[in-house]
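Chains A and B supply the protein sequences, listed in that same order. Mapped onto the numbering used here, the consecutive letters of the first sequence carry residue numbers 1 to 358. Mapped onto the numbering used here, the consecutive letters of the second sequence carry residue numbers 1 to 352.
Treat the hints as calculated values from the structure; they're not laboratory data. Backbone N, C-alpha and C define an ideal beta-carbon position, used for all residues, glycine too. There may be inaccurate statements among the hints.
To be verified - Under 8 Å between C-beta atoms, here's a sample of chain A residues computed to sit facing chain B:
(1) 206
(2) 214
(3) 246
(4) 306
(5) 330
(6) 335
(7) 343
(8) 345
(9) 349
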Amino acid sequence: MTPGGTPGAPGVVVVTGVGRYLGAHVAARLAADPRIERVIGVDAPDSGAEFTDLLDRVERIRVDAGSLGGLLADLDVDAVVHLALVTSPDPQHGGRSAMKDQNVIGTMQMLAACQRAPRLRKLVVRSSTAAYGVSFRDPAVFTEETEPREVPRGGFGRDILDLEGYVRGFRRRRSDVTATVLRFAPFIGSTADTTLTRYFSQPFVPTVFGRDPRLQFLHFDDALEVLHRSIVENHPGTYNVAGPGVLSLSQAIRRAGRVAVPVLEPSLSGAAALARTMGFGRYGLDQVDLFVHGRVVDTSRLEQEYGFTPRSTAEAFEDFIRAHHGGRVITRDQLAAAEQLVLDGIRQVRSAARERSS
Amino acid sequence: MSGSEEGRDPQSVGRFDVPQQSPAPDAEPARRNGHRPAAQVAPTPTPTPMPPPTSGDAGVSGGTEPAVSDRPGDHWDRKVANGLAFLRRRLSGDYEVDEFGFDSELTDAVFHPLLRLLYRDWFRTEVSGVEHVPLDGPALVVGNHSGTVALDALILSAALHDKHPAHRYLRLLGADLVFRMPVVSELARKTGGTVACNPDAERLLGGGDLVGVFPEGFKGVGKLYADRYKLQRFGRGGFVSAALRTGTPIVPVAIVGGEEIYPMLADIKPLARLLKLPYFPVTPTFPLLGPLGMVPLPSKWLIEFCPPIPTAHLTDSADDPLVVFNLADQVRETIQQTLHTLLERRPDPFGP
């Protein structure tokens with residue numbers, strides 16, 4: 001599968017999107033691996049200096065995606081990890097159009113650059129379980145073979161479908177490159193900062209009335225582990241990456257000690273659309289659809305191929321709760337105390353009644 | 001009414017589960033079925049372990065005539081404590097949901113007790129042939145659909161869970177319309193249902209679950225009262241290919257009684273189209289009495305499980321339309337014939 005070079009760990013690795021949380025952590029982790037000679041972090045020219053302390057062993061190059069092609073060829077790159085995806089529109093950074101530029105156009109340009117890189121033998125692309133789309137006729141559990149039945153309403157879901165289409169084309173043209181597509185469930189963890197972690201950090205959490213979606217999370221550290229293994233080992237193909245097991249949204253909200261506020265679906269969609277046009281809030285139709293349909297994937301292919309099982313959805317969520325216990329409205333101890341109080345009350349009333357009757 | 005049945009034919013083992021229980025009442029908490037009248041129940045639970053807090057009268061309870069005044073109190077104490085613990089677990093999210101959204105704790109504690117009232121006391125359901133449902137491992141239970149509202153599926157799952165010696169859950173496959181509707185979709189998922197599609201059916205069967213399907217779908221539920229107990233077309237036989245692919249035995253089941261609960265006299269098609277429903281029923285009570293028309297008529301129900309049809313030897317023919325259609329026809333014929341024999345046993349639809 002890998003003409004030239006040794007199988008296993010590549011020499012020069014390019015990581016895109018190092019200006020973001022996931023990219024910075026992956027680059028730092030690969031740089032700490034002695035098997036890898038050089039880690040080059042690529043980032044948009046206007047990105048901030050947020051993760052500089054994390055990236056001190058990573059060579060950083062600020063370049064726009066269009067001029068990536070020459071760079072990959074010049075650097076004799078062996079492997080590319082494409083992580084520069086935006087999951088929700090950021091009103092401060094151009095909103096939805098900038099998000100689409102980054103996700104779709106950025107990926108196209110990156111793949112075009114990869115196609116012209118002669119030494120390239122490994123490509124790892126971050127995708128999402130949003131690739132399965134949403135439909136009421138969907139099976140309960142998605143395997144990697146499941147085709148999306150309907151194109152999702154949300155921008156991110158549509159971007160992911162486009163992105164995977166481009167990777168399929170790349171695979172056809174460069175069959176000598178080991179291409180790994182990782183469909184990640186939403187990240188959660190003690191330090192990760194994502195749309196979902198912000199959502200669960202609020203004391204009162206909006207949900208869709210009459211819907212209790214089944215959710216899966218992936219612990220951030222497990223995402224790093226899988227990405228790391230994808231680079232130093234050979235795992236061609238597409239894999240679902242999620243914590244085994246399921247939490248229903250109501251259950252997750254209760255475990256986090258938050259209070260659910262059910263909202264009718266049309267008004268929630270309307271509010272999401274309104275928030276987007278007004279330019280605030282990062283919740284979009286992607287989130288609304290996730291909270292109507294839920295999304296559960298089968299991870300047995302990952303477990304077999306990688307020999308690695310991410311920690312379960314419940315454990316990952318527990319880790320998140322421990323780190324975000326501040327906003328709790330109801331705690332487990334309070335509930336236990338209330339239960340004890342009621343029981344004691346009944347016991348007292350009954351013993352008083354018994355004394356009076358005897 | 002069950003007491004009189006018991007006296008009449010105690011030798012017909014399997015037709016009713018009640019006689020099987022009476023010889024060994026303390027073998028297990030047998031009141032799961034709770035089928036005996038209250039007068040009989042009272043003496044039997046005495047040998048059950050006493051709750052620790054009121055250990056003082058533990059010695060007394062062994063006798064035939066325990067401290068009568070104290071008994072209901074202990075019972076209620078336990079009930080309240082269990083109820084509170086249940087409430088705390090629910091409120092703090094301390095329960096498990098499987099990947100299809102099935103919440104066994106909620107089903108046991110809330111949905112099955114409600115359905116039990118309905119199938120046992122309202123519909124006086126008699127179940128026979130439970131021995132044809134395997135004790136463990138997968139099986140595909142295929143039934144006839146009826147009743148305007150698909151209550152028969154819920155009744156079947158609750159009755160099967162109660163009467164089956166292993167208390168197995170029936171995982172129902174529902175039309176996607178069920179999962180389009182808010183609230184209803186979540187009730188369906190929480191009670192173990194999922195969308196009727198081959199990936200889900202095969203996944204459940206592959207996991208060793210008991211899966212229930214009604215291949216007639218809306219054609220069966222939405223047929224007129226005049227067509228009662230006439231099986232409708234079985235569609236493409238997708239359920240057969242799911243069974244064949246997993247080598248799962250098919251257990252046909254005939255349900256009598258569902259047709260009379262909401263006898264559908266007419267179908268207002270324009271209104272159905274307007275509301276995007278497959279049909280809009282007119283029953284003797286429904287639009288006329290408003291919400292009161294939602295109360296199902298108390299028909300007498302008979303459920304009979306037929307001997308399983310093995311499919312393990314046909315695993316390679318899952319894509320052979322001839323095999324699939326033949327097997328679907330066989331299942332259909334079995335259900336139709338069983339329906340006829342059950343109907344002969346029940347001359348009066350609203351009888352005792």
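Tested hints:
1. 206: With a minimum Cβ separation of about 15 Å from chain B (threshold 8 Å), the hint on residue 206(A) is violated.
2. 214: For residue 214(A), the interface hint holds, since the closest Cβ of chain B sits about 5 Å away, which is under 8 Å.
3. 246: holds (5 Å)
4. 306: violated (20 Å)
5. 330: Holds, because the Cβ-Cβ distance from residue 330(A) to chain B comes to roughly 7 Å (cut-off 8 Å).
6. 335: holds (5 Å)
7. 343: This hint holds: residue 343(A) lies near chain B, its Cβ roughly 6 Å from the closest one there, short of 8 Å.
8. 345: violated (10 Å)
9. 349: violated (11 Å)
Hints 1, 4, 8 and 9 from the list above are not met by this structure, while the remaining hints are.
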